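Since chain A is already given, all that's left is putting chains B and C on it; use the hints.
If you want the building blocks of each chain, they are given just below.
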Amino acid sequence: MVLSSAFQIKTSGFNDVHDITAKVESILSKIKIINGIVNVFVPGSTAGITTIEYEHGVIEDLKRAIERLAPQNIHYDHDARWGDGNGFAHVRAALLGPSLSIPFTNGDLQLGTWQQIVLIDFDNRPRTREVCVQIVGE
Amino acid sequence: MVLSSAFQIKTSGFNDVHDITAKVESILSKIKIINGIVNVFVPGSTAGITTIEYEHGVIEDLKRAIERLAPQNIHYDHDARWGDGNGFAHVRAALLGPSLSIPFTNGDLQLGTWQQIVLIDFDNRPRTREVCVQIVGE
Amino acid sequence: MVLSSAFQIKTSGFNDVHDITAKVESILSKIKIINGIVNVFVPGSTAGITTIEYEHGVIEDLKRAIERLAPQNIHYDHDARWGDGNGFAHVRAALLGPSLSIPFTNGDLQLGTWQQIVLIDFDNRPRTREVCVQIVGE
Numbered sequence: 000m001v002l003s004s005a006f007q008i009k010t011s012g013f014n015d016v017h018d019i020t021a022k023v024e025s026i027l028s029k030i031k032i033i034n035g036i037v038n039v040f041v042p043g044s045t046a047g048i049t050t051i052e053y054e055h056g057v058i059e060d061l062k063r064a065i066e067r068l069a070p071q072n073i074h075y076d077h078d079a080r081w082g083d084g085n086g087f088a089h090v091r092a093a094l095l096g097p098s099l100s101i102p103f104t105n106g107d108l109q110l111g112t113w114q115q116i117v118l119i120d121f122d123n124r125p126r127t128r129e130v131c132v133q134i135v136g137e
Numbered sequence: 000m001v002l003s004s005a006f007q008i009k010t011s012g013f014n015d016v017h018d019i020t021a022k023v024e025s026i027l028s029k030i031k032i033i034n035g036i037v038n039v040f041v042p043g044s045t046a047g048i049t050t051i052e053y054e055h056g057v058i059e060d061l062k063r064a065i066e067r068l069a070p071q072n073i074h075y076d077h078d079a080r081w082g083d084g085n086g087f088a089h090v091r092a093a094l095l096g097p098s099l100s101i102p103f104t105n106g107d108l109q110l111g112t113w114q115q116i117v118l119i120d121f122d123n124r125p126r127t128r129e130v131c132v133q134i135v136g137e
Numbered sequence: 000m001v002l003s004s005a006f007q008i009k010t011s012g013f014n015d016v017h018d019i020t021a022k023v024e025s026i027l028s029k030i031k032i033i034n035g036i037v038n039v040f041v042p043g044s045t046a047g048i049t050t051i052e053y054e055h056g057v058i059e060d061l062k063r064a065i066e067r068l069a070p071q072n073i074h075y076d077h078d079a080r081w082g083d084g085n086g087f088a089h090v091r092a093a094l095l096g097p098s099l100s101i102p103f104t105n106g107d108l109q110l111g112t113w114q115q116i117v118l119i120d121f122d123n124r125p126r127t128r129e130v131c132v133q134i135v136g137e
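Protein chains in written order, with numbering that gives the first Met the number 0: chain A, 0 to 137; chain B, 0 to 137; chain C, 0 to 137.
Mixed in with the good hints there might be a few duds.
It does not matter which identical chain is meant; a pair holds if it fits inside one copy or across any two.
[To be verified] Derived pair list, reagent style SDA-like, types lysine to any residue, alpha-carbon separation capped at 25 Å: (1) K9 with T104; (2) K22 with Q109; (3) K22 with L108; (4) K31 with G84; (5) K9 with G84; (6) K9 with Q115; (7) K22 with T104; (8) K9 with T20; (9) K31 with Q109; (10) K29 with T112; (11) K31 with D78.
Everything labelled a hint here was simulated from the structure, so no lab data went into it.
This structure is a prediction, so every number in the text was calculated from the model and none was measured.
Only chain A is shown next, with the shape it has when bound in the complex (with noise of 0.2 Å):
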């Protein structure tokens, strides 16, 4: 069985973090799927999604060590090409992937207790983003 489902977000962009294990919850919490793999996936080139423990503390760390792995303040080429300015989002994006999958069992996410899954935007403006929340299971 699958069942197809999806969420919104609001961001700010910038390497804005997001937890989003509650809505991927609630998705799960209402269907007859118990046992299986949700797919977590991102539509765009400039957004990811990934696991943290969500504090403070580990938040701004992974900005930093995001902004040292694609820095804002070097040459892109394709901000020399379209202007967009997002030419470090995209580097950012395609490096952390656009897609998670995690197991549940008897209608549970198998996270860790401190484990969370986020949405990172990482655009250079505010954006709505669009969730997809993809079960397979029985």
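Just chains B and C, lined up with the frame of chain A:
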């Protein structure tokens, strides 16, 4: 229902980036499964799969970020032990990952408008890569 | 059909890399599902899953790249707030990701010859990790 498919792609290595979206869509268009998850996987330890806006500027920006992440011109124990000269490729592949899962609904991949699936070959020579496309759904 | 399994592994932390391919293959060999997707997932926010050629040189090269990505000896807000001393581990885990999906066909994982599934424990102390193996297929 499960469908297993694959295709081959010739690469030149050294961060060679290929848009494989049309290949994946072509497989989806020929089967009866219309809702589910597509897993795109590259066997081998010197290539990776992600998504980007497939545009010359972004591609060059991503290549430079990968070069910063695991530079070609530093020492690699792998090369010292085996003389392969592709230690940088192994590290890059491990960090990016060989696998991407994407939801599809009514036969359509839920990608963004400017988001393409790409294979990146990190190896230090031309390769013919097999890309596995595993589809689970209904 | 869905099969949920798991196994435990003792780690020493600080980028401790474990080849878990045989554990995953052992689970696959005992079930009736022969085609589908295996999702390997580590609960917790200080460990990750990827694939590498499990060879001493590559392992050391990867550890050095991870150290460059999120060095141990810089400031972490997480440590300043909580005194855990493992801020670097949280950042590393968020960047690598806790999840990997792999296709299998006729009971065989579609890995390359020199490609192994690895758990990397980034934490700053020994841990006993649970690894979830969720199999969806037919």
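- Broken hints, by number: Per hint list: 4, 11 violated.
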